[in-house]
Amino acid sequence: MAQGFVRTEFGISAAALTGTILAPNVVVSSLEAVGALDTGSIVAGFTGIDGTPIGLGTPSTGAFTVFSALSGVIVFTATEDDAIALEIDVIGGGFADIKALGFSYITGAIGAGQDEAVLLVNFDQSAALGGDIAALAVVSTEGLAIAYVIAAGAGVAPIKHQSGVFEDMDSALVNAVDRLTEFTTAGTDIQMFVADNDTVTIGNATKFQNIEFLLAIVASGGGVAPTFEFSTGVGIWGSFTPVDGTNGMRNSGIIVWDDVDTPGWLVGTGSEFLIRITRTRNTLATPPTESLVQIAGVVQFGWNADG
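Counting with my numbering, you get residues 1 to 307 for the letters of the sequence shown.
Careful, some of the hints might be misleading.
[Claimed, not checked] Cβ-Cβ distance ranges computed for the label pairs, FRET-style:
#, residue 1, residue 2, range
1, 270, 77, 40 to 50 Å
2, 266, 185, 25 to 35 Å
3, 286, 142, 49 to 59 Å
4, 120, 142, 31 to 41 Å
5, 285, 153, 41 to 51 Å
6, 149, 264, 36 to 46 Å
7, 82, 160, 31 to 41 Å
8, 178, 105, 36 to 46 Å
9, 83, 103, 23 to 33 Å
10, 100, 233, 43 to 53 Å
11, 263, 108, 13 to 23 Å
12, 153, 181, 48 to 58 Å
13, 307, 135, 19 to 29 Å
14, 269, 100, 42 to 52 Å
[Said to hold, decoys possible] DMTMM-like cross-link-like pairs, simulated, lysine to aspartate or glutamate; straight-line CA separation at most 25 Å:
#, residue 1, residue 2
15, 207, 168
16, 207, 182
17, 207, 115
18, 207, 116
19, 160, 261
Honestly, the hints are just simulated from the structure, not real lab data. Where is the CB? At the ideal position from N, CA and C, for every residue including glycine.
From just these sequences and the hints, can you work out the full model?
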């Protein structure tokens with residue numbers, strides 16, 4: 001197979017290569033699999049966490065496109081103050097309807113018990129001693145345009161707020177073993193989700209809607225691929241899909257849901273409201289290790305679509 005590389009404005013083109021290894025974690029995808037690409041297309045695909053290649057290309061529209069059914073990660077470690085992990089500079093040039101970043105999000109047939117987040121910001125401030133953090137900081141020079149932080153259209157509720165305080169739960173099981181002391185005491189760290197189908201079950205006498213996982217060691221690769229269930233009786237479970245701020249135990253974070261996502265949530269074993277998390281990842285080189293796990297029961301406030 002010919003190995004002629006062409007440098008373009010988009011990077012390196014490998015138009016004649018199929019299946020050739022370029023470098024660690026980089027392969028060249030099949031042209032037939034990606035489809036017809038323009039001259040100068042980047043066909044090299046970074047492999048995903050399970051080894052599946054991700055194809056890159058510039059279709060006939062001239063737009064840069066990433067073809068993937070996998071998730072991707074950008075890791076940035078700051079070495080100085082006032083750094084930016086990813087900067088997008090847009091020159092509007094006086095044109096109308098210019099967006100620096102656009103999301104077209106198709107929900108599909110989601111239903112009750114499924115929470116979606118187009119953009120998730122998960123703060124891990126467990127080591128913070130002060131300061132403040134803004135998920136979105138907006139500043140503007142003077143001018144004649146009206147500047148808004150958020151513009152919500154018709155039928156969109158601008159704000160949903162869960163108010164609560166994190167505290168210890170009443171019970172915590174790793175598989176069938178009581179690990180409440182380890183979960184609620186920093187410094188007595190234990191591994192979780194060591195094998196496929198391992199579970200963590202959190203119980204409390206009253207309902208809760210947040211679980212905080214501070215991890216001493218994060219899961220490797222694609223994480224534990226968790227599924228979530230709530231008790232609907234003793235030994236009976238219903239499934240739901242919360243917003244997982246831990247990204248499958250790949251970082252410290254909060255697992256969040258609304259009370260309406262768990263209809264029929266009843267006390268289970270031990271007369272407690274239970275949440276069960278199950279690992280479904282077959283192979284995982286490094287299972288996560290907890291440092292501290294807590295829950296929060298919340299009161300929800302909001303600004304609805306009617307104002």
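Structure-based check of all given hints:
1. 270 - 77: 40 to 50 Å: holds (43 Å)
2. 266 - 185: 25 to 35 Å: Distance hint for residue 266, residue 185 holds at roughly 29 Å.
3. 286 - 142: 49 to 59 Å: holds (52 Å)
4. 120 - 142: 31 to 41 Å: Holds - the Cβ-Cβ distance for residue 120 and residue 142, about 33 Å, lies within 31 to 41 Å.
5. 285 - 153: 41 to 51 Å: Cβ of residue 285 to Cβ of residue 153: about 45 Å, so the range 41 to 51 Å holds.
6. 149 - 264: 36 to 46 Å: Since residue 149 and residue 264 have Cβ atoms about 38 Å apart, the given range 36 to 46 Å holds.
7. 82 - 160: 31 to 41 Å: For residue 160 against residue 82, whose Cβ atoms are near 32 Å apart, the range 31 to 41 Å holds.
8. 178 - 105: 36 to 46 Å: holds (41 Å)
9. 83 - 103: 23 to 33 Å: holds (25 Å)
10. 100 - 233: 43 to 53 Å: Holds: the Cβ-Cβ distance is about 50 Å, inside 43 to 53 Å.
11. 263 - 108: 13 to 23 Å: holds (21 Å)
12. 153 - 181: 48 to 58 Å: holds (49 Å)
13. 307 - 135: 19 to 29 Å: The hinted range 19 to 29 Å holds for residue 307 and residue 135, with Cβ atoms some 23 Å apart.
14. 269 - 100: 42 to 52 Å: Holds, since residue 269 and residue 100 (Cβ atoms, about 51 Å apart) stay within the stated range.
15. 207 - 168: holds (13 Å)
16. 207 - 182: Judged against 25 Å, a Cα distance of about 22 Å means the pair holds.
17. 207 - 115: With Cα atoms ~18 Å apart, residue 207 and residue 115 stay inside 25 Å; holds.
18. 207 - 116: Holds. Residue 207 to residue 116 sits at ~21 Å (cutoff 25 Å).
19. 160 - 261: Holds, at about 15 Å.
Violated hints for the displayed structure: none, as all numbered hints are satisfied.
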